[in-house]
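Work the whole structure out from these sequences, hints included.
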Amino acid sequence: MTATDLTTLNTPPSTRRSRALLWMLLGIVLALIFSVVLTVHVAAGGITDAASISKAIAAPAFTNMLGMNVLVGLAAVLFVNQTGWGTLRVILTVGAALLIGFILMLLISHDPLKAYNALLTGPLSRTNRWGSWVEDAMALTLVGLSITLVFRAQLFSLGAEGQIALGAMAAALVALYVPPLPLGIHIPLAVLAGCAAGFLWGMIPGILRAYLNANELVSTLMLNPIAALIYSFILDRIKPKSAGFTVSEPLTAALLPRIIDGTRVTTGIFFVIAAVIITWLIIQRTPLGYEIRTIGANIKFARYGGIDTKRTIVLAMSVSGVMAGLTGVYLALGIHQKLILGLSGGLAFEGIVVALLARNKPLAVPAMALLYSYLRVGGPIMQTDASVSLEIIRVIQSIIILLFTADGLIVFIQARRTKPKPPISEQDAAHIAEGAAAQP
Amino acid sequence: MNTNKQKRVIIEAKAVTKIYPNGVLANNGVNLVVTQGEIHALVGENGAGKSTLMKILYGLERPTHGQVFLRGEPVQIANPQVAIRLGIGMVHQNFMLVPSFTVAENVVLNTEPTRGITVDTAKAIAQTQALADQYGLQVLPEAQVDSVPVGMRQRVEILKALYRGADIFILDEPTAVLTPGETRDLFAAIRNLVNQGKTVIFITHKLREVTEISDRVTVMRDAQVIGTVNTNESDERMLARMMVGREVFMVVNKPPVKRGKAVLQVRDLTYVAESGKVALDNVSFNVYEGEVLGIAGVEGNGQTELVEVLTGLRAAAHGTATLDGKPVPSNDPRAAREVGIAHIPEDRLNNGAAISSSISDNLIVDRYYKAPYSQHGFLQLEQATQNAQAMIEQFDIVTSNAENPLQSLSGGNMQKVIVAREFTAQPRLLIAAQPTRGVDIGAIEFIHQQLIDKRTEGLAILLVSADLQEVLKLSDRLLVMYNGHIAAIFPDPTAIAEEDLGLYMLGAKQQSADDMEALQ
Amino acid sequence: MTLLQNVLSGIFSAAFLGAMLRVTTPILLPSLGALISDRAGVINIGLEGIMLSAAFTGATVGAYAATAVDPSIAAWVGFGAAIVVAVLVALLLAFFHLQLNGDLILGGIAINILGSAATIAIGYQLTGGRGGGSLGLAGVQMPIVDLPFLKAIPAIGDGLYTILGSQNIMTWISFLSVAVIWFLLYRMPIGKHLRAVGENPDAAASVGIDVRRVRYLALAISGVLAGLGGIHLSMGYLNGFTRDMTAGRGFIALVAPALGGGTPFGTMIAALLFGAFAGLETRLPSLLPGVDIPSQLPQIIPYAATIIALVIYSYQRTRALTARARRFEQQRKQEPAPTPSGPSD
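Residue numbers (the numbering used here), protein chains in the order written: chain Z, 1 to 440; chain L, 1 to 520; chain W, 1 to 345.
Treat the hints as calculated values from the structure; they're not laboratory data. Check each hint, because a few of them may be wrong.
[As the list claims (entries may be wrong)] With a Cα cut of at most 16 Å, we get these calculated EDC-like pairs of lysine to aspartate or glutamate:
1. L/K261 / L/E457
2. L/K254 / L/E499
3. L/K123 / L/E142
4. Z/K338 / Z/D261
5. Z/K300 / L/D347
6. L/K261 / L/E289
7. Z/K310 / L/D332
8. L/K254 / L/E445
9. L/K370 / Z/D308
10. Z/K300 / L/D332
[As the list claims (entries may be wrong)] Not the full set, but computed from the structure, chain L residues with beta-carbon under 8 Å of chain W:
11. Q81
12. V82
13. P99
14. I117
15. E212
16. N404
Backbone N, C-alpha and C fix where the C-beta goes; we use that ideal spot for every residue, glycine too.
Given below as structure tokens:
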């Protein structure tokens, strides 16, 4: 063993902690620089010279934009902090998927370079596009958190779609029909209603799974169209007679205030930040979170240790529903400011990719939501600018899932190797070895 | 039985050694000679190396050193397909059958007779029937396997091997799952096979079966062959001595027992497995404060079920168990823990731990919801970490950090984590099942000392172990379980002749109910 | 009273039964696909995506072929291309799971996303970005099997003709598939191997069956069946491809085998039941004239039926397990426990 080996082995934890802190600080500094550059680029419509900076600062809501971008940068730092070298795997996977997407585009597009340029730079080319990105990432963060909760318990749920619809409906009904209240009361009331709707809709598949052992994949999938139909049924009843489309009256009460002109970025960001922290707290710092993590890690051990596994399954699904319901609230009160058909636009499946890439770590979710939203916003720009279908984005999404989980193969093998999971022989054998060793 | 002495050797293992990748020595220079047309019994305790040897003969494992000879020729048995081609058939303990298929379908699977593109069912049935008739293996070729009794399923397995042309049959504890009547039928069938020139290797724990059916018997212990004898020249006492060995029992530094009041009282406890097998059969005993009650026995004689009923993992069919006079909660592990039962489970990787979770998480599974680990609705991580650090120190767990995943530890240290958790649960009764299985000597010594210390402090301990040395060393009293019931009670384990113990464990002896009542 | 009569006579009318068979077809075919993958122990969650891929390929290739050859031949060209694509997509899933050790469920979800997105994207490029996804080419249809002789049967002839006389060939193929799958599973060696692999892979491997190869085959066959379902959607049920036209049928199909007790004919009954509910969906308003039914109510029926069916099935299975345990207990009480009888010396 060399001297260096010894020193790294003997590094006391305190030194390691201060080193990690140093890296963290460096990351934060980089993030701040990045956010300033990003803000100037977007606000000034591209950085050309020093004048761009003053132009950007003069732009309306520059401070708020800068604030949002700081959060974007911090999300990235947090992600690296949470996943460590796993970051590299994410970058490689997404890179490979984009490459495959590019190859596909070579086949179907006349000008693939233009298309990819639109996809990759488009979202930052105008303030409103930048806004779409950030707005969408906020919704996606909430859905990603929802999926994270169920994945942590080794369950599956594709029910976010329905939970979002009903959450949005509940919040909008509160906004529409509860007599005007101060925002500080009205918004929380609407949020509460949306969360409750998500909780209940998430509880159904949870109960079916826990007590009847009914496959939650099928039940959550079937509950989506039912929720969508309930949603459209109510919408039919409350829409103004004059409306040609199925759309509610514009909401006027309980709206989340918009904070950047020309975008739909709202104070909903505070809800999102709170949701990330709360989800992290639930998973890492509450007895329920311990139960969820433990049934996910080994459900037999959980039962042996005295955890009520059925109750935990129901609660994991329900709390996941709360996060999805919150997504609905955000969409209704923050983005659309009314109820429309197809409000969520397939967010549930996107949430799976986000949770997968974030490795089910709540604090890693925002960065992955931003990453994926970037593609989601780039898609339509690519479609308009280069006549390439925005659906290419979802093709890339499916490739990411395939690559990332097959890529899990390496992890899988490593896990297998360290996990002594003997048939009978090894235990038998270990037993024998002691006997043999005891012999002269 | 065969009297012809000029049998030629059909299969032979010469100096076979098997070292598993994890360094475990399972067979140590093993020699086995089986002659054509004999019934060769292979006996030995759990983990003596019988299974490994048979797996080598059937191509499920490759020997590290040594050579297998078939009819005098060296052979490389790379996988079971090769074994089948060489005429070696194996009847596994857990049957390799497709439950929804008929008997005939199972027999011909993957070598189906066909007519055009379809399976010729009539022919399959006829072939099965013919084979069954020839060897006296009575089966219903058209019955679905999951609807026929276990004994018939076993005959189906034998027919499968016959259909594929087997000459040598390895039967792995074939009577473990059979009723006495079915066992008789099986023995008749085995004699029939041998009369028609087949050879049978018969693995068992039951001495009576050895003397009843075999021509010769090989005894294994501690990865080695102790000897091969002609059955008619041996007796049960001799075989029991060979199996159990004559180790001098370790002198333990153990203060004299100070028995207090009865903590656990078990009366007529009965458990019926999902398969319908009566796994636990009217078991009654007490465990007292300040004593270690040991339960000895070959594995699979009801010990697992006993422990799982007592710890709330299963519900008994009838009978009672009370702890300090209060009934032990049924089917509710948390409630069982809360009345004061701690449990070191026999299968530590499947039940006792979550290997991907951190050490500190593994250490609080029974207490995370209580103060000080949870307060005001939140987990108090510092408390969990402190708890973990205290236990790491107290139980000498080798790790750099309490937040490391459990899977980063060695087997012995993993077991110490479980032991630490259960010991510090402040139980009234500690149930320790196979507490030192698969752990290194150092950890064994440590865990043994902990058990003795706790007992001396007044804890009631129920120790279940397949390791005879362990139960004899630690127990203040000893029960022997056989086939779901208590075969014997020994008030003083140091006074037991090992030979006697062997006879009770292997079902050759049984104390009378009155004797046992007197010894409670 | 009259309402009920209306409903009943409506449900048991020949027209309804004919329609029911039509709407059952695209549920039955993927259900059989789910069945065969299920029986091999590799549940195919990707049926929806495979159906979409086949629906799109069939309609598109068929339409292009129709510009060169006779439409009746072009339809079959589309048919062939659709099957090839369906099998390829199914094999992609098989490779991912069996070779790369990927998670089967996540893989299936990815296939569904891929099927939905790729069909829309390619359609978009082919149409040059025009909305509606119309190729501007005439759609092709799989042929109708016209059986005029049915009319000649006295008394029931007309009704019979309405039910069976002019069904699309895909409907006939779907019901024929039930028999074919049954024959394959229960009569052919490969079917037996497939079931053995699904029920007890160790047992199958112990007699030399290549488990992985059998599972590849099972997924490929489930791909063919889902593909046939897709073809019916775009070249039988409707005339052309529209985005996400499967509308969850690939998911409903996942429940049918379990409800049908894991057999082809049971699965068919379950699919017919779903078909009946789906048929009811379109006819309920006309069956109940004058009643103000919200348009969503009938649409909910198939999904609600799936959930209810899942609940009933799971409940019964759970009860069957406990009942079995109870039976053993009772048996035991009847015959007293054999007293331990060892020689006591």
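Against the structure, the hints:
no., hint, in the structure
1, L/K261 / L/E457, "14 Å, holds"
2, L/K254 / L/E499, "24 Å, violated"
3, L/K123 / L/E142, "12 Å, holds"
4, Z/K338 / Z/D261, "19 Å, violated"
5, Z/K300 / L/D347, "11 Å, holds"
6, L/K261 / L/E289, "6 Å, holds"
7, Z/K310 / L/D332, "12 Å, holds"
8, L/K254 / L/E445, "13 Å, holds"
9, L/K370 / Z/D308, "15 Å, holds"
10, Z/K300 / L/D332, "13 Å, holds"
11, Q81, "5 Å, holds"
12, V82, "10 Å, violated"
13, P99, "6 Å, holds"
14, I117, "6 Å, holds"
15, E212, "13 Å, violated"
16, N404, "26 Å, violated"
Hint compliance for this structure: hints 2, 4, 12, 15 and 16 are broken, all remaining hints hold.
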